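One-letter residues, chain by chain:
4 protein chains.
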Amino acid sequence: MTLNIGVIGTGAIGREHIRRLSHTLLGSRVVAVTDINADQAARVVQELGITAEVYADGHALIAAADVQAVLVASWGPTHEEYVLAAIAAGKPVFCEKPLATTAEGCRRIVEAEQAHGKRLVQVGFMRPYDAGYRQLKAVVDADRIGAPLMIHAAHRNPTVSEHYSTDMAITDTLIHEINVLAWLLDDHYVSAQVVFPRKAPAAREHLRDPQVVLLETAKGVRIDVEVFVNCQYGYDIQCEIVGERGIARLPEPTSVQLRSEARLSNEILMDWKDRFIAAYDVELQAFIDDLAAGQLTGPSSWDGYIAAVTADACIKAQDSGAIEPVTLPSRPAFYA
Amino acid sequence: MTLNIGVIGTGAIGREHIRRLSHTLLGSRVVAVTDINADQAARVVQELGITAEVYADGHALIAAADVQAVLVASWGPTHEEYVLAAIAAGKPVFCEKPLATTAEGCRRIVEAEQAHGKRLVQVGFMRPYDAGYRQLKAVVDADRIGAPLMIHAAHRNPTVSEHYSTDMAITDTLIHEINVLAWLLDDHYVSAQVVFPRKAPAAREHLRDPQVVLLETAKGVRIDVEVFVNCQYGYDIQCEIVGERGIARLPEPTSVQLRSEARLSNEILMDWKDRFIAAYDVELQAFIDDLAAGQLTGPSSWDGYIAAVTADACIKAQDSGAIEPVTLPSRPAFYA
Amino acid sequence: MTLNIGVIGTGAIGREHIRRLSHTLLGSRVVAVTDINADQAARVVQELGITAEVYADGHALIAAADVQAVLVASWGPTHEEYVLAAIAAGKPVFCEKPLATTAEGCRRIVEAEQAHGKRLVQVGFMRPYDAGYRQLKAVVDADRIGAPLMIHAAHRNPTVSEHYSTDMAITDTLIHEINVLAWLLDDHYVSAQVVFPRKAPAAREHLRDPQVVLLETAKGVRIDVEVFVNCQYGYDIQCEIVGERGIARLPEPTSVQLRSEARLSNEILMDWKDRFIAAYDVELQAFIDDLAAGQLTGPSSWDGYIAAVTADACIKAQDSGAIEPVTLPSRPAFYA
Amino acid sequence: MTLNIGVIGTGAIGREHIRRLSHTLLGSRVVAVTDINADQAARVVQELGITAEVYADGHALIAAADVQAVLVASWGPTHEEYVLAAIAAGKPVFCEKPLATTAEGCRRIVEAEQAHGKRLVQVGFMRPYDAGYRQLKAVVDADRIGAPLMIHAAHRNPTVSEHYSTDMAITDTLIHEINVLAWLLDDHYVSAQVVFPRKAPAAREHLRDPQVVLLETAKGVRIDVEVFVNCQYGYDIQCEIVGERGIARLPEPTSVQLRSEARLSNEILMDWKDRFIAAYDVELQAFIDDLAAGQLTGPSSWDGYIAAVTADACIKAQDSGAIEPVTLPSRPAFYA
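Protein chains in written order, with full-length UniProt numbering: chain H, 1 to 336; chain A, 1 to 336; chain F, 1 to 336; chain E, 1 to 336.
Treat each hint with caution, since some may be false.
Which copy is meant is left open, because identical chains are indistinguishable; a pair holds if it fits in one copy or across any two.
[As the list claims (entries may be wrong)] Below, in silico cross-link-like pairs of lysine-lysine (PhoX-like), each with a Cα-Cα straight-line distance of 25 Å or less: (1) Lys-199 x Lys-137; (2) Lys-199 x Lys-219; (3) Lys-137 x Lys-273.
Hints listed in this document are in silico derivations from the structure and should not be mistaken for laboratory results.
As the structure is a computational prediction, the values presented were derived from the model and not from experiment.
This is chain H alone, in the form it adopts within the complex (with noise of 0.2 Å):
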């Protein structure tokens, strides 16, 4: 039993995504795509050697009777439009992060989802898929280090484009701890404060480099993490949670320990490609096969719409200097 999917948007990510569903992943296949872009669109069919239906918008391709489920990695601003009409069209939808652009366009979907009855929405938040995290909350499941009262993380990359700003640090970088912590404590967000240490030599001139997060939940926990995007050294991720008796690490990916000229080494990566590919697989595995068992159970639009709140207090944060609170509604019981 295949998965008939549609992918709306073939650039880096829709085109990596096709190949996965395609030669990857079990039971699925792309038999439509679509992109603003349209012989960009053909010409990705064509190298990956899939068969596949060219379509001139995403309303057409989520309207094709043979689209079973659709798979939204188009440009961000898009994002709630298609999503909106895949859960009109009552089809399943994979949504690459943000789901929406704004706060209030998470809303919206959300509210669309429960009038529509039933889960349809999946938002592409990778972590809670890579093994790692995985080992680190099944630790802390099994209380083997008490619970958790705060976690101290960091999210470096060695370097980051011109284009890149100070509140795209919390959008597309810090937006994964946003996901992965409140996925980790089982929780969400109440606070949040920024402070700029001296910026770092490497930044750019209009980016403010590193930034130290600190988040507080509703359970009490508090969280700081570090964003420092221009590190030099590597794309390195960690998260330490500390529990009532005992403190649990997030696993270094794995490397050869090497001893040469005069060091005791493990390589670091580099390139955030790296780190969690064999994420990207378990996850979109997870989509395919919660499907077939009737069920999503990954990252829900109400999970985007935690993360999208949740990014505007900390930007605002940025601005203000202050701590911002972070209003949410309760999780409703569709969600829970």
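Starting from the known structure of chain H, fit chains A, F and E onto it as the hints suggest.
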């Protein structure tokens, strides 16, 4: 394009491979099974929910028109017979270790395969498919430590069953190191020696455990492998390659670092089945993909032959206490 | 050439210093002691087998002709008085922390010392004498990671006594980080903030524990220090300096790596006395050697003053929940 | 109470010991020195700022009335003569390794010392005074891993001087492992074997390097020691004890963990002098303290004898390629 596979032997490992080929891997389907216990074979087919004919014996299965490739997972003494039959039928065959119970049997397979004119046989040595060993080989092949001069390795089990005998430390345990170290070094063995430390108190009366096996390769690499199958504390596989200007060490399995109860600790696996579980998937997927691409590249019958000859020398060395030669013909171009 | 030292206070830490000065270090001798409990002082003299006069009080001891230097290890509220007396007598004085119980008291000492015209005071901050911190500072000073931008630190005790109060987390615990981080960075603090996670269940009713202290330095370094004095699992001191292009981490105390009971583990100390034991020897030996060389170089009364002012701001921040300024005059050339 | 020491030999190591005895350790004073180069001896006295008489030769020094103990740091072939003279004079003697250049010479010292009736000799094996080895022994002695069954060890130097020969890998390098492993295990050796891997390209023409030495102890422990003195990457001492139910590993020297340049790394020492520098202080302080307490407890002349006999067997094994017996009389009660 799906490969139709027939599986001979539906015991623990056979059943696991059938599950893998049916539900986890891409491009394969199990269409035929057989077992000395026909009821058991039928039950496996039913429990795994697959559509596969149950054959009376391995020869009937090999002869079946829709069987494109054979997987041998039956009792060791039957392997040679089925592999030879598959070669005679011109069908690719994946044979769990041992390829044959004697070096002579392996030689017969090697000769039959060469007479056939094209590689048909892959032996079930899975370590070369383990991510850690692949990283280790990549480091060596990239000349990060210079040419290898020595290897220090260990193969430890917490405990073994009552029927485990001193020579099984070679044929069931060390056999993996014999294979993977030759693969890491692209080399083969010229002598073997075994020394026995004082016996571990946990070892049963009939078993000499631990033992240290010393191997010498054609290129002059010296290897020591500690085999200790009653070490109590874990299933622990260690491998350190000493090169001309550096040392590379096999990564430990990934685990969460804990600070708790006055210890900074990482978990060590207790069950060997957890250690190389992912490697089995990679190994069989490679077999399927290689067949689709028209050329087997995994562990060959020659590798099975090397392992058998080397194991024989090790067993002789257990008894003699002397340095025993490992006498191998040079590798035929066919297996280059 | 042996330095004759008088020790004020022969309780636990005083007695330990007397032992050290008499039997472990080079170039010192304890010739005078005093304690509010005169019998106890006499007993210490006898038990340690030294020849030292027991004085009625600290002032008599300071005045004694054969006392060349004074060590103050009495009850905290008496420190200021004795340090001022030693300065008045023109005698060098090593004062256990706190230098004075108020910032105002520290300021008076700073002024008296400057009026005297030459450094006479060393404060008993021992972390800068710990081998690990010295290695860490050497790495930073050698520009191995670029200029520091952030520090992530933790100070954890397994448990504390009943009388330990929330503000003691600053004055008794964090005070070491306040000192050593300023020394590591060659910097001082400009603001402080404290956030309280959900309380640890092991903390007594009157104690808010853990807490996270956020410090900002004059050079713009941002520091977070987790203070958790009921962490159960160990006495654990962590310090990670994030520089412009790399990160340096305080070494863990040396211990044997064990593979046992399904764990790869290193011991974590449970008792703080074991952690910095060697640093006390180095600290006092440096005091003796510096006096012999004619110039004190260790933690100065100005460092004591910085610590007191910073601690005051932290305690205010505990109550206010706000970001509190740390207001310090600029460092006099005298203490450069 | 200060011990008056006479030092024979004021070359590199002798000078360093004089500095240590004069300026670092407690309870000792160098009152007499001698060297084959009398000018050099006088210069050392002057440069180190000590008051010591320069004697014409070692015998005059040993005879001097104010010399209470002797330290022998002269050329190896002279050791036996001076140690015997010190015993004849009834004076304690600390002798740098080797105790004598032949096993026969060591035996003569052992006999002379026993005839004297009280231990007078300590041999300069410093590894048992290294903090890491002491931690390792404490773990074993506390029965944390069960009784030892095997040891895997390595002794690696980045490079050696031109005059370093294949047998010096035993007498100058392995000799430390011969001593420290016997001490760790409270055991001695019964056989030795040496195997030579392919030669490292950095090794000079006349030198066979690396080599693996296999030792067997009286209690049945099997030991492999890799000796590799052209390993390029560092001075690296490894020791792993495999016990009945766990494994203990010698700690690495303390160093700052760095994240920089795509590496998570710790420094490896390049110079052997940095590795055991602290152990030399501890070793000589123990000699002084033991004499004050009236009983030597450090490495004895018997330990020197064991080392010499074992080294002889190893050198024989280098040539023969065979398993060579190590024949030792049983340990006299005198050295229990």
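Hint check, failures only: none
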